[in-house]
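Take 25 as the starting number for the sequence shown in the numbering used here and just add one per residue.
Please note: incorrect hints may appear among the correct ones.
[Unchecked claim] With a cut-off of at most 30 Å between alpha-carbon atoms, the simulated BS3-like pairs for lysine-lysine come out as follows:
| no. | residue 1 | residue 2 |
| --- | --- | --- |
| 1 | K107 | K144 |
| 2 | K109 | K47 |
| 3 | K76 | K94 |
| 4 | K94 | K83 |
| 5 | K156 | K142 |
| 6 | K94 | K145 |
| 7 | K145 | K61 |
| 8 | K120 | K107 |
| 9 | K61 | K156 |
[Claimed, not checked] Have a look at the derived ranges for each label pair, beta carbon to beta carbon:
| no. | residue 1 | residue 2 | range |
| --- | --- | --- | --- |
| 10 | G49 | I146 | 38 to 48 Å |
| 11 | S115 | E69 | 21 to 31 Å |
| 12 | S68 | L27 | 26 to 36 Å |
| 13 | E160 | K94 | 14 to 24 Å |
| 14 | K145 | D72 | 40 to 50 Å |
| 15 | P135 | W158 | 40 to 50 Å |
| 16 | K83 | K164 | 44 to 54 Å |
| 17 | E69 | P135 | 38 to 48 Å |
| 18 | E60 | F133 | 14 to 24 Å |
Hints listed in this document are in silico derivations from the structure and should not be mistaken for laboratory results.
Each residue gets a CB set at the ideal place from its N, CA and C atoms; glycine is no exception.
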Amino acid sequence: MQLAEVIFKDFTQDSLIIDKGKKDGIEVGMPAITNEKVLIGKISEVFDNFSKVTLVSAKNFNLDVQLGQKEIYGVSQGEGNLKLKVIFLPSEAEVKEGDYFFTSSLGNFLPKGLLVGKVKKIETSDLESEKKVWLELGFKLSDLSYVFIIQSW
25 MQLAEVIFKD
35 FTQDSLIIDK
45 GKKDGIEVGM
55 PAITNEKVLI
65 GKISEVFDNF
75 SKVTLVSAKN
85 FNLDVQLGQK
95 EIYGVSQGEG
105 NLKLKVIFLP
115 SEAEVKEGDY
125 FFTSSLGNFL
135 PKGLLVGKVK
145 KIETSDLESE
155 KKVWLELGFK
165 LSDLSYVFII
175 QSW
């Protein structure tokens, strides 16, 4: 794991730039987390001395998630503008405001158990067989000065 300083935040593109790059062993796909094991996003571009991190809230950023310790799985989907929802949850899934979603072991693209976000709103439709759950990000972009890059798991 490597500590990196955030040198630029792009609120409009749901991304940030860090001061670590190829020379530091950073590669595309590596996760960026807070010191509290909250998933921020993944490395999407790498240059010699810096890298771009695409946030979990970026449009079409999808990842497998799990509701707490339960065997309930879904897909978190970035909506852009720091908005994030969980889709493909069974309609019978017991989800309530304040519940937490974490990265799951499905897909093995990210370490399991990183906090993705907290449930802030639930939408259920009689016509659909799934719930849509809106999450509050587990971090505040404006507060991020440093991130950790996970280089192997």
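Structure-based check of all given hints:
1. K107 - K144: holds (11 Å)
2. K109 - K47: violated (35 Å)
3. K76 - K94: violated (33 Å)
4. K94 - K83: Given that 30 Å is the threshold and the Cα spacing comes to 27 Å, the pair holds.
5. K156 - K142: The given pair, whose Cα atoms are some 13 Å apart, holds under the 30 Å limit.
6. K94 - K145: holds (19 Å)
7. K145 - K61: holds (23 Å)
8. K120 - K107: holds (18 Å)
9. K61 - K156: OK: K61 and K156 at ~25 Å, within 30 Å.
10. G49 - I146: 38 to 48 Å: holds (41 Å)
11. S115 - E69: 21 to 31 Å: violated (38 Å)
12. S68 - L27: 26 to 36 Å: violated (19 Å)
13. E160 - K94: 14 to 24 Å: holds (19 Å)
14. K145 - D72: 40 to 50 Å: holds (42 Å)
15. P135 - W158: 40 to 50 Å: violated (24 Å)
16. K83 - K164: 44 to 54 Å: Taking Cβ atoms as reference, K83 and K164 lie about 20 Å apart, which means the hint is violated.
17. E69 - P135: 38 to 48 Å: Given a distance of about 21 Å, which is not inside 38 to 48 Å, the answer is violated.
18. E60 - F133: 14 to 24 Å: holds (21 Å)
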